[in-house]
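Chemist: What follows is each chain in one-letter form.
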Amino acid sequence: MTVVRLQAADGRLFAVDPAAARMSTLVQNLIDDVGPGSAPIPLPGVPGPTLARVLEYCTHHRDDVRLQKDVEDLQRDDGLVEPWDRRFMDVDDDAMLRLLCAADYLGVEPLVDLCCLSIARIIRHLPVDAIRQRYGIVDDFTDAERSLIAAEAQHLA
Amino acid sequence: MKSGSQSDTDSGAGERQTPCAEPGGTLPVPPAPSITSSMREGLSIYPGGAASPYTPTSPLSLSQTSSMRSFMKVPTGQQSAAASCRLPLPPPSQPSSPLSARGSVKRRDSFVSSPCRPADTGRPAGEGLDFLTYLPYEIAMVIVIHADFPAITTIAKVSRSWNRFSRDNAVWRRLFLQQREWRTQRAMATAASHSTRPRRPPGSALSISPALSAFDAATSGASTPRVGDGELHDGAHLATVAAAAAASRGDGAAASLTSRILSAYAGSSLRPAISLQHMVAPSPTPGAMPGPGSSSSHQQHQQLLQRMPRAPPDWRYLFQQRLELDRHWRSGTADVHILTGHADSVYCVQYDHDKIVTGSRDRTIKIWDSGTLECLRTMTGHEASVLCLKYDDTVLVTGSSDATVIVWDWETGAPRLRLASHSAGVLDVAFNDEHIVSCSKDCTIKVWHRATGRLLRTMAGHRGPVNAVQLHGNQIVSASGDSLIKMWDLRTGELLRTFSGHTRGLACVQFDGKTIVSGSSDQLIKVWDAKTGRCKQTLRGHKDLVRTLHFAGGTRAVSGSYDQTIKVWDITTGECTLDLKDMHTSWVFDVQFSASRIVSTSQDQKIILWDFAGGLDVGDIN
Chain S
1 MTVVRLQAAD
11 GRLFAVDPAA
21 ARMSTLVQNL
31 IDDVGPGSAP
41 IPLPGVPGPT
51 LARVLEYCTH
61 HRDDVRLQKD
71 VEDLQRDDGL
81 VEPWDRRFMD
91 VDDDAMLRLL
101 CAADYLGVEP
111 LVDLCCLSIA
121 RIIRHLPVDA
131 IRQRYGIVDD
141 FTDAERSLIA
151 AEAQHLA
Chain W
1 MKSGSQSDTD
11 SGAGERQTPC
21 AEPGGTLPVP
31 PAPSITSSMR
41 EGLSIYPGGA
51 ASPYTPTSPL
61 SLSQTSSMRS
71 FMKVPTGQQS
81 AAASCRLPLP
91 PPSQPSSPLS
101 ARGSVKRRDS
111 FVSSPCRPAD
121 TGRPAGEGLD
131 FLTYLPYEIA
141 MVIVIHADFP
151 AITTIAKVSR
161 SWNRFSRDNA
171 VWRRLFLQQR
181 EWRTQRAMAT
191 AASHSTRPRR
201 PPGSALSISP
211 ALSAFDAATS
221 GASTPRVGDG
231 ELHDGAHLAT
241 VAAAAAASRG
251 DGAAASLTSR
261 ILSAYAGSSL
271 RPAISLQHMV
281 APSPTPGAMP
291 GPGSSSSHQQ
301 HQQLLQRMPR
311 APPDWRYLFQ
321 QRLELDRHWR
331 SGTADVHILT
341 GHADSVYCVQ
351 YDHDKIVTGS
361 RDRTIKIWDS
371 GTLECLRTMT
381 GHEASVLCLK
391 YDDTVLVTGS
401 SDATVIVWDW
411 ETGAPRLRLA
421 SHSAGVLDVA
431 FNDEHIVSCS
441 KDCTIKVWHR
451 ATGRLLRTMA
461 GHRGPVNAVQ
471 LHGNQIVSAS
481 GDSLIKMWDL
491 RTGELLRTFS
501 GHTRGLACVQ
511 FDGKTIVSGS
521 SDQLIKVWDA
531 KTGRCKQTLR
541 GHKDLVRTLH
551 FAGGTRAVSG
561 SYDQTIKVWD
571 ITTGECTLDL
581 KDMHTSWVFD
591 VQFSASRIVS
601 TSQDQKIILW
611 DFAGGLDVGD
621 IN
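Residue numbers (my numbering), protein chains in the order written: chain S, 1 to 157; chain W, 1 to 622.
In case anyone wonders, no lab produced these hints; they're calculated from the structure. Certain hints may be false.
[What the hints assert, rightly or not] Beta-carbon label-pair distances, calculated as ranges:
{"no.": "1", "chain 1": "W", "residue 1": "Asp392", "chain 2": "S", "residue 2": "Ser147", "range": "45 to 55 Å"}
{"no.": "2", "chain 1": "W", "residue 1": "Thr532", "chain 2": "S", "residue 2": "Ala130", "range": "38 to 48 Å"}
{"no.": "3", "chain 1": "S", "residue 1": "Val81", "chain 2": "W", "residue 2": "Glu181", "range": "43 to 53 Å"}
{"no.": "4", "chain 1": "S", "residue 1": "Val81", "chain 2": "W", "residue 2": "Ala384", "range": "55 to 65 Å"}
{"no.": "5", "chain 1": "S", "residue 1": "Ala19", "chain 2": "W", "residue 2": "Gly615", "range": "56 to 66 Å"}
{"no.": "6", "chain 1": "S", "residue 1": "Val3", "chain 2": "W", "residue 2": "Arg534", "range": "34 to 44 Å"}
{"no.": "7", "chain 1": "W", "residue 1": "Arg534", "chain 2": "S", "residue 2": "Ala151", "range": "45 to 55 Å"}
{"no.": "8", "chain 1": "S", "residue 1": "Ala150", "chain 2": "W", "residue 2": "Lys514", "range": "51 to 61 Å"}
{"no.": "9", "chain 1": "S", "residue 1": "Val81", "chain 2": "W", "residue 2": "Thr572", "range": "15 to 25 Å"}
{"no.": "10", "chain 1": "W", "residue 1": "Gly614", "chain 2": "S", "residue 2": "Ala153", "range": "17 to 27 Å"}
[What the hints assert, rightly or not] Which stretches of chain S does chain W cover? Using the computed rule of at least three CB atoms under 8 Å from a CB of chain W, they are:
{"no.": "11", "segment": "113-120"}
{"no.": "12", "segment": "136-143"}
Ideal placement from N, C-alpha and C gives every residue a C-beta, glycine not left out.
Excised from the complex, chain S in its bound form (with noise of 0.2 Å):
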């Protein structure tokens, strides 16, 4: 049972399950088109520390059956995220920003979702100002667009 060797941008290699590293359908195709050889995988597009987080998903759900997700399935499911994961995406929101990035970039479907969601659950209960402040976003609607969305808004109160 061989390793695979992974190296991040910053040069930092890591040695995972081929299990977990197949769950990056990137590091899959580059292990199908290259061949498995003795050199690292190269992964200039994550920085090591985002690597090990992604690595530490990867390794902890290697074993998890991958469903053939319908895709009317991508519903609200606060209650199916395990604690495991919950305790994962417990980070605040550069952690979880570099995350999603580094789990798109990898091809880590399942991270991808997780991190989304997460993200989503943040901003579901949040009033407009507290988005502005946390996010640093200004509000740049002129007047008339501002009452037209407020129009708007009206019919889906």
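On the provided structure of chain S, position chain W as indicated by the hints.
Modeler: Frame of chain S, contents of chain W only:
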């Protein structure tokens, strides 16, 4: 596992090689306040696409980096990177930027490099990262969809770029389908109906290119049968259009992930949502069809072009209409129609979007038009009151006080089979493709072969009249005057389970495979878990015998009672959400509901239709 180069925990080093700072790592302090304030300005002109002074047109040289890092959080500077980060990048072909003496590679164009800033959460306002604007559109969409309604109305108010998502048709489609109750109701609607095209309200934002609208229709049309777009697009043709479009966006290994994301989140728009400033009526240009690479015939091509001007349904509009329909249900806002014609009590009813079928003590069955409410046909054949009826596309089955079950031919309107074996009135019937199940005042349940009318089995076990019976899969559920509900195996007749809890006789029962809902002379409605036998909920409110129920999965149940009222319930909370009284002037005998209507019948000889969709465009449901 670390390479020989700089470890990340090296603190204090001004020149960190990894663009991404680890929490707790240090970054250089922004050198000059003037840069900071002007970069905030840069924030405000995003995302109109206007260039910020810091848009990198070439890989950055290191000399700029330390000052650049202070504004790395500003997405404006990364516009080009953001665009490229739609695809997971293979190693870029551009030369990497010159580096510090440390020598490790710095990939400026990798989007992952962007969110670098001090990770203290106590940062002052204005220093977070506008992730929704910054992330690839498809991923941002997933976040918005997970945030769900009503958060999307908040999202719409945050900023212009956030507002895009609240105008994206694909997002609204997902939000619509995520409403479980509405999905259940759509499943309830009969397949035969042709939906009317939803009216688009003035000023709605939908100018989509035909190719993309085709993609949307193909993916939405494929998985959800009818959604206000009775479109019959040629699925195969559109699939090739979609594939071509998807392929052209990707490159190399990244394309597979992109198309996987695209297909996984089917229905996603391939174009950015219409901006707030450009709300125009839809004016698609037919003829802007990409690639004739498909093998479809010219005729199909023409059909497609003809259909092009009709964009896919405006999901946001549909959502809003359904929300309004829910409000009508809550407030009881309904158009009420009264149908008269029967000469005596009306015992039973079933309806669909075309017709209403009723059975009466006057021994006749009447068929009414759902739209005009005229009586179209009267069928005779029973020698006593018609107590119960059920129909599907091919047969109508009725039970009567004359102790027989009649299987009618829809075309001729004449009885085809007469099933006689019961020794007292037949109180309820159910059937599937192969079997008919009847239950009777004689305390038995009988199973018949549907095609031939042969009696297959009799189940005796109840100690009182069996007032109601339901069939789902291979399970029969019966409710009796002996206050018990029993579950039987259809094929063997074996008694599987008994549900006890009611204190008086049962008059009605409903079963969808998972949940049983029962109504009783004890004035209660009970909700049971069919597998475990446990009573999950008791609904209180009726002041007399609960004579009839309708429940079809989902959370809504409707009951009719001898107290002359009809009540709508949420079976998960036990709450009565609507009380319809003062309409019937006598006992309610039967009730049925659909997504937008309730139909009830009574001893007062009236059939009442309550239409909650008055003034609403809910053409895709009944």
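Chemist: Confirm or reject each hint.
Modeler: Status of the hints after comparison with the structure:
no.	hint	result
1	W:Asp392 x S:Ser147: 45 to 55 Å	holds (52 Å)
2	W:Thr532 x S:Ala130: 38 to 48 Å	holds (43 Å)
3	S:Val81 x W:Glu181: 43 to 53 Å	violated (23 Å)
4	S:Val81 x W:Ala384: 55 to 65 Å	holds (59 Å)
5	S:Ala19 x W:Gly615: 56 to 66 Å	holds (57 Å)
6	S:Val3 x W:Arg534: 34 to 44 Å	violated (50 Å)
7	W:Arg534 x S:Ala151: 45 to 55 Å	holds (48 Å)
8	S:Ala150 x W:Lys514: 51 to 61 Å	violated (43 Å)
9	S:Val81 x W:Thr572: 15 to 25 Å	holds (22 Å)
10	W:Gly614 x S:Ala153: 17 to 27 Å	holds (24 Å)
11	113-120	holds (count 5)
12	136-143	holds (count 6)
Checked against the numbered hints listed earlier, the structure breaks hints 3, 6, 8; every other hint is satisfied.
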